[in-house]
Amino acid sequence: MIRAKQARALALLGALAILMTACSTTGAPSGGGQVADVGKPFVFASTQFTPVIEQENMRKKILADYKGAAVDFITDQEAVILDRISAEAKAGGQGQIGVVGLENGQFSSLAAAGAFEDLSKLADKQKDKKIPQDMLTLGKFGGNTQVYVPWMQATYFLVANKKALQYLPSGADVNALTYKQLIDWAKNISDKTGQRRFGFPLGAGTTPGLIHRLVQGYFYPSYTGGLVTTFKSNDAVAMWNDLKELWKYTNPQSTTYGVLQEPLQSEEIWLGIDHAARLIDVLKAKPDDFVAVPAPAGPKGRYYMSVVIGLAIPKTTPNRTGGEALIDHLLKPETQLITLRENSFFPVVDVKLPDDLNKGLKLEADAVAKQANAKDAKVVPLPVGLGAKGGEFNTAITNTFVRIVVKNEPIQTVLNEQGAIVQKAITDANAKCWGPDGTSSGPCQVK
Amino acid sequence: MRARAERFLPFALLLPAVAFLALLIVIPMIQALILAVIAEGGGFTLEHFERMAGDVNFSDAWRNTLLLLILIVPLQIVLALVMALLINSRFRGHGFFLYVYAIPLAISDLAAGILWLAVFTERGYLNSSLQGAGLIQQPILFLSFENLPGILTAIVVAESWRATAIVLLILIAGLQLIPRDFFEAADVFGAGRFRRTIHVVLPLLRPSLQSALIIRTIFAFQTFAVVFALAGRNMPVLAGEAYVWYAANRNEHLAAAYAVLLLGLTIVATVVYLRVLGLREAEVAR
Numbered sequence: 001m002i003r004a005k006q007a008r009a010l011a012l013l014g015a016l017a018i019l020m021t022a023c024s025t026t027g028a029p030s031g032g033g034q035v036a037d038v039g040k041p042f043v044f045a046s047t048q049f050t051p052v053i054e055q056e057n058m059r060k061k062i063l064a065d066y067k068g069a070a071v072d073f074i075t076d077q078e079a080v081i082l083d084r085i086s087a088e089a090k091a092g093g094q095g096q097i098g099v100v101g102l103e104n105g106q107f108s109s110l111a112a113a114g115a116f117e118d119l120s121k122l123a124d125k126q127k128d129k130k131i132p133q134d135m136l137t138l139g140k141f142g143g144n145t146q147v148y149v150p151w152m153q154a155t156y157f158l159v160a161n162k163k164a165l166q167y168l169p170s171g172a173d174v175n176a177l178t179y180k181q182l183i184d185w186a187k188n189i190s191d192k193t194g195q196r197r198f199g200f201p202l203g204a205g206t207t208p209g210l211i212h213r214l215v216q217g218y219f220y221p222s223y224t225g226g227l228v229t230t231f232k233s234n235d236a237v238a239m240w241n242d243l244k245e246l247w248k249y250t251n252p253q254s255t256t257y258g259v260l261q262e263p264l265q266s267e268e269i270w271l272g273i274d275h276a277a278r279l280i281d282v283l284k285a286k287p288d289d290f291v292a293v294p295a296p297a298g299p300k301g302r303y304y305m306s307v308v309i310g311l312a313i314p315k316t317t318p319n320r321t322g323g324e325a326l327i328d329h330l331l332k333p334e335t336q337l338i339t340l341r342e343n344s345f346f347p348v349v350d351v352k353l354p355d356d357l358n359k360g361l362k363l364e365a366d367a368v369a370k371q372a373n374a375k376d377a378k379v380v381p382l383p384v385g386l387g388a389k390g391g392e393f394n395t396a397i398t399n400t401f402v403r404i405v406v407k408n409e410p411i412q413t414v415l416n417e418q419g420a421i422v423q424k425a426i427t428d429a430n431a432k433c434w435g436p437d438g439t440s441s442g443p444c445q446v447k
Numbered sequence: 001m002r003a004r005a006e007r008f009l010p011f012a013l014l015l016p017a018v019a020f021l022a023l024l025i026v027i028p029m030i031q032a033l034i035l036a037v038i039a040e041g042g043g044f045t046l047e048h049f050e051r052m053a054g055d056v057n058f059s060d061a062w063r064n065t066l067l068l069l070i071l072i073v074p075l076q077i078v079l080a081l082v083m084a085l086l087i088n089s090r091f092r093g094h095g096f097f098l099y100v101y102a103i104p105l106a107i108s109d110l111a112a113g114i115l116w117l118a119v120f121t122e123r124g125y126l127n128s129s130l131q132g133a134g135l136i137q138q139p140i141l142f143l144s145f146e147n148l149p150g151i152l153t154a155i156v157v158a159e160s161w162r163a164t165a166i167v168l169l170i171l172i173a174g175l176q177l178i179p180r181d182f183f184e185a186a187d188v189f190g191a192g193r194f195r196r197t198i199h200v201v202l203p204l205l206r207p208s209l210q211s212a213l214i215i216r217t218i219f220a221f222q223t224f225a226v227v228f229a230l231a232g233r234n235m236p237v238l239a240g241e242a243y244v245w246y247a248a249n250r251n252e253h254l255a256a257a258y259a260v261l262l263l264g265l266t267i268v269a270t271v272v273y274l275r276v277l278g279l280r281e282a283e284v285a286r
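Line by line, the protein sequences are chains R and X. Mapping of the first sequence onto our numbering: position 283 corresponds to residue 283, and the numbering continues sequentially without gaps. Mapping of the second sequence onto our numbering: position 208 corresponds to residue 208, and the numbering continues sequentially without gaps.
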């Protein structure tokens with residue numbers, strides 16, 4: 001029999017476990033400097049900066065010089081944050097959230113429901129900061145009200161270990177690769193070293209991989225010039241055949257990779273395309289071991305995805321002027337540079353990058369500039385207008401990739417079946433065509 | 001007056017537990033049932049179940065969930081039983097082992113998954129130890145989609161490490177309940193340790209084994225964080241699909257349909273255990 005003392009200790013252990021789990025989900029509220037007489041405290045809710053370190057950077061560094069009403073920065077997965085914002089919007093009256101920071105595509109259903117204040121005047125005040133006009137237009141969602149003002153931006157690009165450079169196919173310029181050359185490169189590495197060193201972000205764990213973005217913003221448009229309207233086209237079939245070829249030289253553990261910086265750092269892979277924020281750690285840690293270059297080009301051009309993150313004020317805000325003061329602070333050139341240094345998101349305002357920038361950040365900044373300025377570069381936004389159906393759309397795209405490339409199912413069958421699922425999500429959301437698919441009067445049609 | 005108070009006391013004492021169950025289990029369960037059969041615009045529909053059954057991952061999720069159940073539950077019961085008997089034999093330092101066995105209880109399942117990912121990945125602890133010992137030249141890709149047995153082994157090991165302790169605690173509690181007279185009687189008849197275990201301990205442990213089996217099976221149906229961490233998309237399971245449909249796809253109806261399916265499976269499993277390991281009146285009374 002266990003002695004009473006042991007039993008008690010065991011119970012204590014159990015209680016401790018419960019306590020630890022409970023504590024891990026609640027964080028101490030964070031202040032934004034001294035609280036002067038600036039109105040009610042409010043919540044700044046965002047889908048960005050979910051890693052704990054980025055949250056701390058936000059609270060302790062990005063908000064360090066902010067002197068407005070107390071701000072409680074909260075961040076969580078998209079579903080959680082969007083649910084909370086829409087719950088407050090539906091409840092009406094006065095909520096707790098004063099400012100939201102979301103990706104362009106995450107705004108659409110809330111914007112359509114009229115959940116946000118018009119920020120046109122605020123945007124006018126920021127004129128001297130030279131926020132690009134097309135980004136501001138994006139924040140209007142085809143209407144007259146400025147739903148959000150751009151806050152920061154990011155993109156995806158290719159990172160290669162310098163050890164891989166010797167296997168570059170002859171005649172290939174690492175700064176202007178094509179997908180064919182990328183495949184040859186991965187094949188060369190596999191042939192010469194016996195190791196499959198390309199990586200796809202296909203994981204599904206805590207930080208799910210962003211493979212759907214690569215398919216939506218890179219592979220499809222670069223090969224077919226579209227996404228939805230070319231989903232089942234012959235160009236698409238050619239693209240899937242190429243991806244299957246690339247898969248032969250891809251590390252088969254890719255299905256566990258959420259962010260590529262980890263396998264890049266451990267050298268499980270030498271090549272990979274991922275989101276800037278998911279590559280920065282390895283570039284900061286080993287800036288001399290890597291090159292960061294533009295994503296490859298396909299037959300239709302070098303398409304790349306631009307991620308714009310915007311700031312908006314819900315109509316249920318407890319403190320409108322406080323929210324505007326916070327947005328002012330976040331758009332200051334100094335704050336934008338701190339955001340870049342600490343959390344690796346690029347400024348939307350016109351600001352010269354300092355010379356003493358961290359080497360890893362410098363690599364990223366150069367890659368971003370090279371990608372945007374490439375002769376054949378074309379930009380793709382995140383999917384627009386899908387609202388709550390965005391998740392189903394993304395999953396349908398990911399499943400298309402998994403079925404064709406990983407499970408080796410027949411391309412045409414999968415495109416027909418997944419095309420129907422993609423169409424259902426678009427029709428349910430009543431989303432018009434966007435980006436490279438052009439425009440449409442009704443819901444965009446899968447072809 | 002006093003007799004009356006005593007009559008109500010048991011109910012009053014039960015009230016907090018009942019209220020807790022109603023608020024946090026029964027009401028959400030009913031809500032899930034309703035969500036699963038309500039169309040997005042309102043009205044009754046079976047569309048969500050049809051969509052669930054027609055989903056790409058459904059048959060795989062179904063197969064994997066059952067496969068893991070069959071692999072994990074018996075293994076854990078046997079392991080826990082051996083550990084419980086060992087601890088109950090009260091050798092020197094058995095208390096220490098009890099604490100060590102109980103440590104995984106304090107770790108969340110996702111954390112456990114990530115921990116084991118660090119063990120099994122290409123440059124993980126296992127591969128570097130094997131390489132360091134000169135046993136292998138190249139790292140073994142345990143978690144590759146091409147290596148299903150590898151992934152399964154990793155998940156079974158991680159799940160066993162994580163959740164055997166809960167079975168162990170139930171069994172130890174059961175062992176403590178066996179009156180010492182039985183052992184003394186067995187000794188009188190000259191039963192050795194092995195025969196005593198087979199003929200005395202196991203039959204008397206049946207009620208605890210039953211609870212352990214039920215709880216463990218329910219948990220096995222709910223497994224997904226460890227699977228997500230170790231196998232990514234290679235191994236969809238039912239609970240994981242429910243999560244994906246809720247969190248990533250934001251379709252609470254389909255998520256609820258999966259939840260209802262899991263509820264049904266759980267009920268079936270529980271009834272089967274109750275029937276197969278059916279307790280006689282006397283045992284229940286004890």
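Just so you know, not all the hints are guaranteed correct.
One side only, chain X facing chain R, incomplete, derived with CB under 10 Å [claimed, not checked]:
1) Pro28
2) Leu143
3) Val244
Derived DEER-like restraints, expressed as beta-carbon distance ranges [unchecked claim]:
4) Gly142/R to Ile27/X: 34 to 44 Å
5) Thr427/R to Val271/X: 37 to 47 Å
6) Asn175/R to Gly264/X: 51 to 61 Å
7) Ser89/X to Lys192/R: 57 to 67 Å
8) Glu334/R to Arg63/X: 53 to 63 Å
9) Leu148/X to Thr50/R: 24 to 34 Å
10) Ile27/X to Gln195/R: 48 to 58 Å
11) Thr50/R to Pro179/X: 48 to 58 Å
12) Asp134/R to Thr270/X: 57 to 67 Å
13) Asn241/R to Gly264/X: 40 to 50 Å
In case anyone wonders, no lab produced these hints; they're calculated from the structure. We put the beta carbon where it would ideally sit given N, CA and C, even for glycine.
Verification of the supplied hints:
1. Pro28: At 16 Å from the nearest chain R Cβ, Pro28/X fails the 10 Å test, so the hint is violated.
2. Leu143: 5 Å, holds
3. Val244: 7 Å, holds
4. Gly142/R to Ile27/X: 34 to 44 Å: Check passed, 42 Å falls within 34 to 44 Å.
5. Thr427/R to Val271/X: 37 to 47 Å: 42 Å, holds
6. Asn175/R to Gly264/X: 51 to 61 Å: The hint (51 to 61 Å, Cβ to Cβ) holds, given that Asn175/R and Gly264/X are roughly 57 Å apart.
7. Ser89/X to Lys192/R: 57 to 67 Å: 59 Å, holds
8. Glu334/R to Arg63/X: 53 to 63 Å: 56 Å, holds
9. Leu148/X to Thr50/R: 24 to 34 Å: 31 Å Cβ-Cβ, so the 24 to 34 Å window holds.
10. Ile27/X to Gln195/R: 48 to 58 Å: Holds, since Ile27/X and Gln195/R (Cβ atoms, about 54 Å apart) stay within the stated range.
11. Thr50/R to Pro179/X: 48 to 58 Å: Cβ of Thr50/R to Cβ of Pro179/X: about 55 Å, so the range 48 to 58 Å holds.
12. Asp134/R to Thr270/X: 57 to 67 Å: At 59 Å between Cβs, range holds.
13. Asn241/R to Gly264/X: 40 to 50 Å: 42 Å, holds
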